[in-house]
Amino acid sequence: MTLQLNWSRAATLLQRLGSVIGLILLFIVLSVMSPDFLTTGNLLTVLRQVSINALIAFGMTFVILSGGIDLSVGAILALTGAVTAGLMAAGHGIVLAAGAGLLLGLVLGIINGALVSWGKVAPFIATLGTLTLLRGVTLSYTQGSPIPVTNGSFALLGGGYVANLVPLPVIWMFIAFVVCGFLLRGTVFGRHVVAIGGNEEAARLSGVRIAPMKLAIYGLSGLLSAFAGVVLTSRLYSAQATAGAGYELDAIAAVVLGGTSLAGGRGWLFGTLVGALLIGFLNNGLNLLGVSSFYQQIVKGIVILIAVLLDRRQ
Amino acid sequence: MSTPLVTMRDIHKAFGPVKVLEGVDFELLPGEVHALMGENGAGKSTLMKILTGIYAPDSGTVEVDGKAVSITTPADAEKYGIAIIHQELNLIPALSIADNLFLGREIQRFGLLDHRAMTKRALEWLARVGMERLDPTTKIERLSVGQQQMVEIARALGQNARVLIMDEPTAALTEHETNVLFKLIRDLRDQGTGIVYVSHRMEEIFALCDRISILRDGKFVGTRPVPGLAFDEVVKMMVGRTLDARFPTRTPNIGAVRLKVDHVTGGIVQDVSFELHAGEVLGVAGLLGAGRTEMARLLFGLDKLEHGTVTLDGKVITPKSPSEAIHSGFGFVTEDRKAQGLVLDMSLRENVSLPRVPAHAGLIDRPGEKKQTRGLIDALKIRTRDMELDVRALSGGNQQKVVLAKWLALKPRVLILDEPTRGVDVGGKAEIYHIINQLAEQGVAILMISSELPEVLAMSDRILVMHEGRATGLLEAHGATQEAVMTAATGGK
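Chains as they are written, first to last, in the numbering used here: chain A, 1 to 314; chain B, 1 to 493.
Because the hints were derived from the structure by calculation, they are not lab data. Keep in mind that the hints are not guaranteed to be accurate.
Stated by the list, open to error - Covered stretches of chain B (chain A as the covering partner; in silico rule of three or more C-beta atoms under 8 Å from a C-beta of chain A):
1) 104 to 115
2) 222 to 233
Claimed, not checked - The list that follows gives simulated cross-link-like pairs (lysine-lysine, BS3-like), each with its CA atoms no further than 30 Å apart:
3) Lys120/A x Lys49/B
4) Lys49/B x Lys315/B
5) Lys236/B x Lys19/B
6) Lys304/B x Lys260/B
7) Lys338/B x Lys315/B
8) Lys79/B x Lys183/B
9) Lys304/B x Lys120/A
10) Lys315/B x Lys260/B
11) Lys67/B x Lys19/B
12) Lys120/A x Lys320/B
13) Lys139/B x Lys120/A
14) Lys139/B x Lys120/B
All C-beta atoms in this analysis are idealised placements derived from N, C-alpha and C, irrespective of residue type, glycine included.
Please work from the sequences and hints to get the whole structure.
Have a look at this one:
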């Protein structure tokens, strides 16, 4: 009996570790095939590129675990980035501008949550609606032209380094990972997120208050998207209305590659980090190997499909 | 003696290291209703899945009409006239009766669906199950569960099934629907159909079946003719020992009024009043659709209370949501544990602490949570190797205990139990009764909704009977008879 238990646990572990094994294999292959791959500079560059997607994907993990989906993350990123840059252009300080951007992201996320819980709109449709709406708002606000960042020290947020080596966005990513990981596994909030995704009715009948939970879950996703928006605006030194187009799909891909079930109720945050890294290193490797960007898309699509097929529950 | 329709000999089946069937024999004669019994996990479903081609046996032989056959796909089973009526009905709600009857074998004319021919044939098939009054173009979703079951049987018969396997067919039926079903089963039997009847309901088996085959832990215990067979004998064969008592006794310890329900109205529930004392078990009897679950949902804040008051320990409360009701001291074991009681992909530990996670300022107290779970596993004798295992892997009886454990952790003042032993085997039932008794002895006020009359009569102190949303009787359980309860439940005086 003990033997059987260990087997089932080992099988679960193996299934979970699939993405990790994939990442390690990719690492080895790229190290062998490209001499430029395994250098500190290259690895840190990739981590910096990954950080924006990872920040969004962490929030997305909570949403997907609860049985939902958030398509509006890229649009929230664009609008909050634009508002932050716009406030600074109007002469406001960094703290107020960035704070307003983050608060806006949180509020927009809560609106998504309200549409899903009180409005009883399917998450896919609700966030598709806000995605379209917010894209329009951003275009109107920016009038379609980029808003340059005028404050030099703001640029450090996304462009700075720690010890002249590690890019700050990478630090933000790891801080967010630790905080979100703890939120998911160590708090009642995280437990209830998984319970709602596993069986919303059972959670409700156990006294879990579904509506406030959903406001918080989508609010968290909005907040992290806004944070990604502020960091990206800082790094690019300008806010663009079209920023973050398609980021929702990258974030969903990272979550799913990491082994979190799209049906909700099953998953982990570490997997999402690994999934984001997989996508990042794959992009980087294909670039280093000189694969044309046309083929890169094809390879990425195939990798995602294979990963999901392998991960499929029996 | 006629040739058996089906003979299964020395069937073995293992899933990995787990042996599910070890040398099981089973024989079905034409024109008999043959009960297949055993506790949950005894191997009944696996045996039937082998017969219907869903699983392949590791060894053993299957004969149909005395000839060895190999049934490896559900299509093979259909070819040999073997059909199964599942517990969860397999009909598509948005399609019509006729569409469902001919799903996958539609009658066509020039490549188009021939609706007229299908409707005509559907009527013939419905007539065979006494349902010719149904319009074949009616959508399945507009039928009652009992009617849907008849459609399923009609489909099986239309495909020339001679062997019908029925898995807990009466679980969701009303008394009347059950009687209609039994009459049909007897008619089919008289026409030579062989029926395998899988059920936990002893009363039904004794009323309906000709022979019983019993499995225990994957082994074949024996086949007995029903006439002359004693109830205790069957239980003994199933559990391998004599149960001390089917219903354990309790020392009544009834205290003051805990819950007072006055003229409660909402949804189909009309003007229901009763008092529930601390330490009392108040049974709630009634037919399906009598409003028993709906009344519980009102008390638990799931549906809107339109009129009336609920008083708990002298304080008027109006629960607006489950979380408020739980806060006031209610617990609710729902009738459908998989859909409403458990998060199947979460561990036993996580399920038990769902209503209240041991935590400080929102941070989970992991050691405290493990200690609480360990205590409840011991107190309820939940059989599991590991509290970290998903509850999906547990047997029905153990899952039900996990649902009970959820509420016990909260020490509720009023515990509502809705069909607490549905789908639980005999041994598990006795253990759950024991837990209910213990809780009552500790002073918990218990409202027990149940469709099993023997259970209501034996476990309750008093019995509230409902009919069409109203309370039609409040009986002292001591001295009450099934007839008295049924009279009130059917609205008679």
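Structure-based check of each hint:
With 0 residues having a beta carbon nearer than 8 Å to a beta carbon of chain A, the segment 104 to 115 of chain B misses the requirement of three or more and the stated coverage is violated. Remark: the segment 222 to 233 of chain B is not confirmed as covered by chain A, as 0 of its residues place a Cβ nearer than 8 Å to a Cβ of that chain, below the required three. A hinted pair counts as satisfied when its Cα atoms are at most 30 Å apart, and lysine 120/A with lysine 49/B does not qualify at roughly 40 Å. Restraint check for lysine 49/B and lysine 315/B: not satisfied, since their Cα atoms lie roughly 54 Å apart, outside the 30 Å limit.
Among the hinted pairs, lysine 236/B with lysine 19/B is consistent with the structure: their alpha-carbon atoms are about 22 Å apart, no more than 30 Å. For the proposed pair lysine 304/B and lysine 260/B, the alpha carbon gap of about 18 Å is at most 30 Å, so the pair holds. Proximity of lysine 338/B to lysine 315/B is assessed by CA-CA distance (about 34 Å); at most 30 Å being required, the pair is judged violated. For the hint pairing lysine 79/B with lysine 183/B, the CA-to-CA distance comes to about 27 Å; that is within 30 Å, so the pair holds.
Pair hint lysine 304/B plus lysine 120/A holds up; C-alpha atoms about 18 Å apart against a cutoff of 30 Å. For the given pair, lysine 315/B sits about 10 Å from lysine 260/B by alpha-carbon distance, which is consistent with the 30 Å threshold. Between lysine 67/B and lysine 19/B the alpha-carbon distance is near 27 Å, which keeps this suggested pair within the 30 Å criterion. Distance hint between lysine 120/A and lysine 320/B is fulfilled; the C-alpha atoms sit about 19 Å from each other, no more than 30 Å.
For a cut-off of 30 Å, the pair hint linking lysine 139/B to lysine 120/A stands: about 27 Å separates their Cα positions. Annotation: proposed proximity of lysine 139/B to lysine 120/B holds, straight-line Cα distance about 16 Å (limit 30 Å).
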